[in-house]
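Just so you know, the sequences run in chain order A and B. This note's numbering puts the first sequence at residues 1 to 391. This note's numbering puts the second sequence at residues 1001 to 1224.
Treat the hints as calculated values from the structure; they're not laboratory data. Because the structure is a prediction, the values reported are computed rather than measured. Among the hints, a few may not be true.
One-sided excerpt, in silico: chain A residues whose CB lies under 7 angstroms from chain B [said to hold, decoys possible]: (1) Phe4; (2) Leu5; (3) Phe8; (4) Ile288; (5) Ala291; (6) Trp294; (7) Asn385; (8) Val389.
All C-beta atoms, glycine included, are put in the ideal place defined by N, C-alpha and C.
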Amino acid sequence: MNHFLIGFAISSLFRRGAKSFFTIFIFTSLIFLLSSILFISNSIKEELFITLKSLPQITVQKLQAGRHTNIEISKIDKLLKLNGVQSAIPRIWGYYYFEKAGVNFSIVGIDSFDKQYKKSFEAIVKDVDFDELYKNNSMIVGEGVDKVLRENYYQGVFNFIKPDGELKKIKIASTFKSATALESNDIILMPKDLVLEIFGMNKNEVTDIVLEIANPEEIPTIAKKIKNLFPDSKVITNSDLRVSYQNIFDYKSGMFLALFIISAFTFFMIVYDKASGLSSEEKREIGILKALGWKIDDVLKAKFYEAFVVSFISFLVGVMLALFFVYTLQAPLLKDIFIGYSRLKPVFDLPFAFDFQTLFLLFFLTIPIYIAAIIIPSWRVASMNADEVMR
Amino acid sequence: MIECKNITKVFNQNKRNEQTALKNINLEIKSGELVVLKGASGSGKSTLLSLIAALSKPTIGEMVVDDKRVSKMPDNFTAMFRRQNIGFIFQKYNLISTLSSYENIILPTIPSNPDEIELDKRVDELLKMFDITSKKESHIKNLSGGEQQRVAIARALINNPKIIIADEPTANLDEKLSLEFIDIIKELKQQKRTIIIATHDPLFFNLDFVDRVIEMKDGQILCS
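Using the sequences and the hints given, assemble the complete structure.
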């Protein structure tokens, strides 16, 4: 390793201080932006993966006039008789529009004795005593709901307006912070009877029925059987839900992709600008070095060290800043692009999902290209006669 | 021994602005000889120097230095040849203005990754020889013309070359500094180096230690 050559390359960066600083600044900013996008994207994928794992295997809904309507609870017995169906859980849920704040809450009814149902919430709700809800006629709210209620001066209690216009006062037992806030931030959990009362629903009906299947391979076959058994039903499998979640994610990630393309395009424009030529001062310097006995590869090595130092420092700083921005600061502004600007937008923490493969891809898409952009014009000049370059 | 055999140099060949800088030059310069090339601007002196230094190649003919056909060498070999054999003092010095004197002087040694202690010793020697020790860390832009020229000479000598080539070395100097330069050349001549100086400065024409004055005109040697 020729430390004189490395020293010369580094001193060249300092000699062209303003230019070097500007290049590092632009390069770092682009790497920061590109890696932030990738980190957020990976993080949200991870969040989505956790959510998908907790989805019901089969959801049975009733359709009437092409619309989703409540389903008779009596159908559970018939569903349980199907081979392979391990459990059938009636769900009561719906949306409550809070006019004052202009937001929708998702209200979900739960049964204290229904262990399976509680299990489905285990992934998203932690440290909650469901039995307490029954005793006190109270509810558990997501962080987003809690925030909106507080903003509207509801401290520990909320008055729901029932379909007949009467008020139903329900206490807030606690607030849950879930691991998958992307999905559960607007949720209110309360006893089923309370939900039925607030929505004015018939006690013999539920919103839908979720099934647990012993062998996941049998899900499509059982879904077909249900459709035959209840022609007026809509049978949603977990793979259907996965597709629909994925579609939402893909739509959002499309925006990220657009941002990524713009950043990458800017990077390549800068690279093209670099590759299209050297300043007269840089050309003259190469001519002098050649006249003093530097070989073409000596000149190129010096230029390589210069470009590598600039690009590697920029890459490291850009990635470190992106890590700090995404995982410590929780990607302000950029995260909003993905999760939207709803007042009830999830306040979830981006889970740490570090994908080395993506990082390597970013490394090999930027650093070698930048180095080539420096080396190629230098090579063109260094290949000329020294006399010609200096003239 | 430097041999120029039937050298012709044409710039911008086959273009509208084609220009013949040298026409059929034949010249021999012995080792240890001090030769002055004289002639008006555009006579071909600088072109001949750059061919001898292997900075460019002749259009026709051959340049031979110590039995090596330098004009036929590939680019990397001519670079090695220059580094090991040639010390070139350019008319405008061609120093890198943003580097210090020390950094400029060591430039020709960098590709060979020299021993740092020996290199520092050699640089100090040269700085002392040319009386610019105090300017070691000064940036070139902060040096006077004479000081810059001394740095350029020190740089030309750092690899201890056998051949020293100077192109119009006194063109930017006053008489006092020109005389100082002549003293330096005299000392280098005493060290048995081959020296070729292209100049139209009359100060060089009647020096007793100059072996030959070669006059050039329109790319040809008039008399030697």
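Hold the hint about phenylalanine 8 (chain A) up to the distance rule: shortest CB distance to chain B must be less than 7 angstroms. Holds, because the Cβ-Cβ distance from phenylalanine 8 (chain A) to chain B comes to roughly 6 angstroms (cut-off 7 angstroms).
Regarding the hint that isoleucine 288 (chain A) lies at the interface with chain B, is the smallest CB-CB distance below 7 angstroms? 5 angstroms, holds
Restraint: phenylalanine 4 (chain A) near chain B, CB-CB cut 7 angstroms. Satisfied or not? This interface hint holds because 5 angstroms falls under the 7 angstroms limit.
Closest C-beta approach of tryptophan 294 (chain A) to chain B relative to 7 angstroms, hint status: 5 angstroms, holds
Next item in the hint list is leucine 5 (chain A). Is there a CB on chain B closer than 7 angstroms to its CB? 6 angstroms, holds
Can you verify the interface hint for asparagine 385 (chain A): is its Cβ closer than 7 angstroms to any Cβ in chain B? Check passed: Cβ of asparagine 385 (chain A) comes within 4 angstroms of chain B, closer than 7 angstroms.
Go through the hint on alanine 291 (chain A) and say holds or violated, using the shortest Cβ distance to chain B against 7 angstroms. Holds, about 6 angstroms.
Minimum Cβ distance from valine 389 (chain A) to chain B below 7 angstroms? 9 angstroms, violated
Hint 8 alone, counting from the list given before, is not met by this structure.
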